[in-house]
Structures are given as structure tokens and as C-alpha cells.
Amino acid sequence: MEQWVRVCRTEDIPLLGARVVQRPGAIDVAVFRTAADRVLAVVDRCPHKGGPLSQGIVYGDRVACPLHNWSVELESGCAAAPDDGCVRTFPVRVEAGEVLIDLAGKVDALG
Amino acid sequence: MRKMRLVLVGNGMAGVRALEELLKLAPDLYDITVFGAEPHPNYNRILLSPVLSGEQTLDQIVLNDLDWYAANGIALHVGKEVIEIDRRRRLVRAADGTEAEYDRLLLATGSNPVILPLPGAKLEGVITYRDIGDTQRMIEAASRHAHAVVIGGGLLGLEAANGLKARGMDVTVVHLMQWLMERQLDRTAGGLLQASLEKKGLKFRLAAQTKEIVAGESGRVAAVRLADGETLAAELVVMAVGIRPNTALAEKAGLHCPRGIAVNDTMQTFDPRIYAVGECVNHRGIAYGLVAPLFEMAKVCANHLAQFGIGRYTGSATSTKLKVTGIDLFSAGDFGGGEGTEEITLSDPVGGVYRKLVLRDDKLIGSVLYGDTVDGAYYFKLLREGRSVAEFRDRLMFGESNLGDTGHLGQNSAAAMTDEMEVCGCNGVCKGTIVRAIKDQGLFTLDDVRRHTKASSSCGSCTGLVEQLLMAVAGGDYSPPPKLKTMCGCTDRTHADARRAIRDHRLLSIDETMRFLEWRTPNGCASCRPALNYYLISTWPHEAKDDPQSRFINERAHANIQKDGTFSVVPRMWGGATSAGELRRIADVVDKYRIPTVKVTGGQRLDLLGVKKADLPGVWRDLGMPSGHAYAKALRTVKTCVGSEWCRFGVQDSTRMGQELERALWRMYAPHKVKLAVSGCPRNCAESGIKDVGVIGVESGWEIYVAGNGGIKTEVAQFLVKVKTGEEVLEHAGAFLQLYREEGWYLERTVHFVHRVGLDYAKQRVVADAAGRRALHERLLFSLEGEPDPWAERATGADRAQFEPLAAEPATV
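So the protein lines, in turn, are chains A and B.
Using this note's numbering, read the first sequence as starting at 1 and increasing by one per residue.
Using this note's numbering, read the second sequence as starting at 1 and increasing by one per residue.
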């Protein structure tokens, strides 16, 4: 079952930055905006030691975790080699500038 | 569109390394075909000696197995020697008729061993030492025969002799010169080496010429006859008298080959479609036979094959290490001495230790180490950097352990450590883990080790130990990176290049800088963006625009992120002095926001730990105190003692001086954090001796010390100048810090900055040149003018979005 939610407008997320979406009773979701204006969403918890990815530096389609500088690919949710580990990603749609996330979308690895 | 075709001739270390580098840069640019004359995938030729001596197996020295070629879509032809290049039709042809067309051709045909034109040189049992086949022949001969003669007492000859001895043969080394390894060792070290090898049972004939190789009844070699008439029994003769670039193929194709295939600094031959790397090339008149230069060539070549067109190979300094178990020997540079050079030697023939350092103009130009080589990497680094050693010349002989990197337990010799001992305290990496990674993954560089093990990737204090392990395990093949390392993987530019370009070309934004310097990545990475952002705002204050997304979270959120994602808040207290009103407000904030921990910091401030990000603006508003910048690469605190106002020993008002400094310098961003201290008398209770700028009050004025550090490695601050008045303290301290702000590399503390540029330089700019000092100080004041208090701005609503989480509102799609 899909569970789409509206979270903000694209321009509410800084370019090469992120915003945090709170979910009652679940871990926050980090919504990123890349330089190419792609919007991507992953669980806001680094697969390494749980750092808040939303607070990291965004470059290309990756984010560097602020705690220990793991580099996480936002599309796959997986850490770049040789580091190993993945976080769950969420489907995102941008409709008329509104960012929509499917919170029940594809469960890749860790929730 | 059809992909371009790249053909590599020579499936060895240099060529395959170039492919690896190319695949990193441009994985889809080429269809790649590889020809190798040997019937093996790429293996580590340097480790043939341990295979010969039985310490490693062939499987262990394979660098790229067949799966690697398959996984990268590379067509591999092993056991096929290319015998012809048709440059007109752009194809290569192997001996068996296999053909491959190319758009780019890479030659890495290596070298051939020199075979002396002696009578009997072609007899069965006379071999050279170059590849797996030679190694297997030696191992096989050792199992069936008793006597071996090795002709040549150089590096390769001695490794061969040692391996054969280890396999039970009676081995004699015949060497034309007066002492062993004369190209790497002086006579003393050569003599020590000979004595050690004799103890292992090897025999030597020095200054001896081979006249003839004599056949036995079976037709196999039976003896070697020397010029003086002596005859040595030998059923195996190994010729190890040198190598010669293998240029037969290139010459046949009409390429210019003056003792090696001539290449330019981009590794291109006279035919622009053909590149060459490795032992087969002649670069600026030199043919290299060691692996470190070959890897540097591979990297440059890959860059050009990938059509990035940046990077030049400009030659390498080389070092040598003998891979004979139980013998430690290291040699680099010009150790012969001569006109204008000075030698420092340490010789303990009984203890088996010998060290010779050769200097010219206060720079290290050569070194020979015997018996204890742990400092080899350190000396080689000094040699390559060409740094003046005048300041620590008296301690130079005692090596880096005397000056440099140590592990967290204070070890400074990796060799003495057991496998379970921790090398990297930050990431909990033991020696055994690092050694295994170097061996199993075929790692050669410090960066490789950092990527694969995390050792030395955090605070970096164990870098020296990791380099020692690389030296010991990868052998002389590892060379420490030259000092001018590139900023990060996004560019081949150095920090110096970036600073210069920003200044000289008036670059005002990160985008502009990356375009100008031809960055490889669209928007850099987490290491280069913060550096560029700092260089821009420090070079062009009030003009370059600060980019918050290129700052680490702490500087974006103006608080310190903690392991659980909460933040800590340190309000500024000028000179460490506070008041009942401030303390009351702090107490109220702690209650109101349920802040779990309050702690006094090392810099005499109060730290409120465990604040939620969303609460930060409210906390700042309720505190009503300025930002303490405890989170930033900026002025942190000015620590003070009580001073003459209260202390019965105080001779100067250190608290007031500290407050004046702090008010003058706060909001000052810098390459790294900056800590100050002011003490009111030489008892120095504020610990001014380990601060970036430390001030000590004396009866007649103030002494200023700079470049101290109490962190990873304690460094005592160095005396800069003594002044009379508080104004002079402000001007000198400000000028020194501005010099650091303008010329330091990002993340370089003042201690490393001064180490790099020299204290004399800092004194010249800040003390001797009064007009220059005032100019520096004025530029600092200009930078700080109008710089806001980040907390006050955000307490009143600026930058609100980053502190507010988004709510999810159900939507139908």
C-alpha cells in the first residue's frame, strides 16, 4: 500500500541541502535537493553509527555523514565502497513544485 | 556511438595500474584489450623474492585475478606476445596471429634482464631473474642441485642468492665491484651487509670478473670460471647484472627509443595515439626500475587517456629497500657526498647499525640506513620535500621518533609492535589488520590504507606508523606522498594552487573557482568545498559570498553536533569571566529546555550538552549571550589566569588583556580552530605554552608565543616577540593570525603552518617588517568589520528553515 505525503515545496529545501520530515513514532526522513534539482529521500540515520544524514554536506548525488564522514548514495541509500551498509530510501515525486514522499514505499534494507 | 578501443601491451604492474586509474576516472570510455606475454594475470613482481625464499606463494602475489578482468569487461590475452604494431592500420598483432585494433595504444612492455655475452651463457641452467617462470625454474633447480652462482651483487642478485640459500643451495655471489649494492650503498654499509649475508651462509667473490660458464657432461652448466682462474661449481647460474628497457616492439614500429621509449610529461610517445608507461620508457632521459615512479606515471597516463588532460609526470626521487628477511637496509638519493655536501654518520659495527645522512645547503639529499630502517620513510619524505632541516639538524640523526608521529600509546616503531597492538586509536585499527590489508588487497599508498582500514583517516597522528608498515610490508615499493598533495579526489590542484588562483584571478564563488581550476566533479565533495569556501571568504572579505551548504554542519547550525544528533551550546564569556546575571540565565535555560548536561570546558567556558536542533534559536534568545564559536574553525576562547588584579604573584592584568584580545578577535574564521591564552606572570597558569597564540606577562611587558598545540601531539609554542604594551600585543597577535588566515591551508593548525613556512618567515612578516605587520593587522580588522554575531541573528528569526522540521501532510495521488 502506498502512503503519499506532501512535505514542502522544492524551494523550501536549500540547493545542496536537506530538510527533516518528522514521522510520529518512527525515525525522521531526510529530504535532499541536489545541484541538478533532484529531490531524494532516505531515513535520516547513517548505516554506520546512526548519524543524522540530513545535517551532512551534499555533493553530487551523495551526502557525507556529519559524524564520521561516511559517504551515502542518496538514490540507493547505500554507503560508497569500501564502506558497507544501506538505509531505506523512499519514492519521491515533485508535482507542480510540491514535494511528495511515499512513506510506505520500497523497503530496501534497514527501516 | 561506438566506444573507443584501448589496447594495452604488457600485462604487468605499470600497465594494469594505468587501467585501474583509468577505470576510476572514465569507466565507460573504452573497450579495453590486454596482451600479456606471460601466462598469468597481473602479479606483484616485487614479491617474487619472498616467493623464491618460500615466504609467500604465487597465489598470494596476484594483484588482479581473472575475475577482475572479466568484471571490468577487459578482453585478456595471456601468453600472447605482441610482435607487431601496424601504426597505419592502428592494430597490433600477436605471435599467434591474434589481432586487435586500437584508437589508443598503451605500451607497458617492461624491461629485459641483461645477459652477459659470456662463453656458455646459453647453456641449460643459466637463467635470469625477472618473472614467475624464472622463479619457478630456480625453485625447481634448488630441489635437484646443490651449487648456485649468482652473477651480480645488486639488489636483485642478492635477493635471488638469499632465496636460493633459503631453499638449501650453496650459493656464491660474484660481483664485479668493490662492495655490494654499490649503486645504493656506500662502502661501510656494503661491508655490513656482506657480513650479515655471510652469517646467513652466502659466499662472495668481490671485484671478480666472470670469464666463462662451463658445461658439464650432461650439457648442463657445471661451473663458473673467473678471470683470476678460480673455478666455482654451479649447476645453476643466475645472471642479475641489470635490466634494459624492452623496446623491441616499439623500435620495430618506428617509435623513437633512445634507451627506452621516449615519452613526454603526459606519457605520450612520438605517435600521439600511443602512450607508454613503466620500465620500458625513457622520461627526461631516465628509465625507472622501481614501482613508485611507475605508479605515478600510470596515474598521469590514465588522466590523459580519460581525456581530462591535466597532470604531468615530472620525474621521481627513488628509494630502495632490500627484501631479505632479517636484514634492514634502506637507501635513497645521492648518498655519495662530494663537493659542497656534509655528512652525518652514526656507526655501531657491533650493534649492526649504520646511518649516513648527506646534506647540501641544509637540505637532506641522500641517506643510507642499515640495521634500523624505521626512519627510512621519514628521511625519504624530507628528501623529496627538499625542506630545510636547519632547525632540527641536531636531532635529525635520531629520526622521526624524536620529532614526529607516534601512536596513541606513544609507540614510534611499528616493527616493534605485535599484531594485536593498536595503531590507530581513533578507529581502533590494530597492526595485524593493516598488515593483512596491505598484503591481501595489494595496497601501496597511504590513501589506500585509509580507505580500506580507516587507519590514519581521522586525526592522522598515526600516519608515521602506517607509513612504516607500508614500508615494511609493501617494501621499497611504497613511497610516501610528496608534500604537494592534491586537495582531494575532485582535482589535481593543491591547496596552494587554489589559494593562488582565487587571489590572482579574483574568483568570488565556489562555482567560479571550480570552473577555473577544472574540477572533475560537478560540485566537489565534503573536503574541498569547505576549504574553497574558507579561501574565498578569507581572501575577499565582504565580496565573496559565504556558502552555508559548503560548511560543515557545526558552522551551518552554529552549534556542535554530538553523537546522538543533538547539539552543544557554549556561550561566550569574555576572558573566562562571567556574572551572576549570566549564570542565572544559563541556569534558567538549562531548566526550561531540559538540557541534560552542563560542563566546564578546557577553555574555561560552560558547555550545555544535548540541545535539540529545533531548540537552538530559543536557547540563544533566552541566554542573551554571544556565540562562543566552540563549533567553528575560528577563534575559540582566550583562556586567562586571574592576573595582577587579585593574584599575589601577578605582574600584569592578564584577565583584561585576554578580554581585549577576545573582543578584538571573536568572529574570526581561520583555517582551523584558534585558541589563545594570557597568563599574568611566568608561572603561566593559563597554559600559554600550548596555544596558537600564548601571551605571558612579565614585569616589563608581554612575551608572545605562537604555534603551540595541546592536542593530538603536544607542541610547545615558540617565542615570537616581547612587547611593552597591550596595544602591541593586539597588533602582533592580530598580524600573526592574519598571516595564518591568508597563507594557511584549510585544516592546518598554526603549529603545522609555522612548521611549513618556518618560524623565521613568521618573524620576518610579523616582527621585523613593522609596516607589513600594520597592514596585516588592518586587513584582519577589515575582515571582521560588521561580521555579525550568528546567534543574535538566528535568535531573532534569521535562517529559520534549517531549525524547523517539516510536517507530513497526507496527500492523494
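Source of the hints: derived by calculation from the structure; they are not laboratory data.
Some clues are possibly wrong.
Below are the DSS-like pairs computed for lysine-lysine, each with C-alpha atoms no more than 30 Å apart in a straight line [as the list claims (entries may be wrong)]:
#, chain 1, residue 1, chain 2, residue 2
1, A, K49, B, K713
2, B, K545, A, K49
3, A, K49, B, K612
4, A, K49, B, K24
Okay, the calculated bits of chain B under chain A, using three or more residues with CB under 8 Å as the criterion [said to hold, decoys possible]:
#, region
5, 377-387
6, 520-534
We treat Cβ as the ideally placed atom computed from N, Cα and C, and that holds for glycine.
Going down the list of hints, with the structure as the test:
1. Under the criterion of a C-alpha separation no larger than 30 Å, the hint pairing A:K49 with B:K713 is consistent with the structure, at around 27 Å.
2. Taking the CA atoms of B:K545 and A:K49, the gap is about 34 Å. The hint is violated against a cut of 30 Å.
3. This hinted pair checks out: A:K49 and B:K612 have alpha carbons roughly 18 Å apart, not beyond 30 Å.
4. Restraint check: the Cα-Cα separation between A:K49 and B:K24 comes to about 28 Å, which is no more than 30 Å; the hinted pair holds.
5. Remark: the region 377-387 of chain B is not confirmed as covered by chain A, as 0 of its residues place a Cβ nearer than 8 Å to a Cβ of that chain, below the required three.
6. Coverage of the region 520-534 of chain B by chain A holds. Counting CB-CB distances below 8 Å, 8 residues qualify, and the rule asks for three or more.
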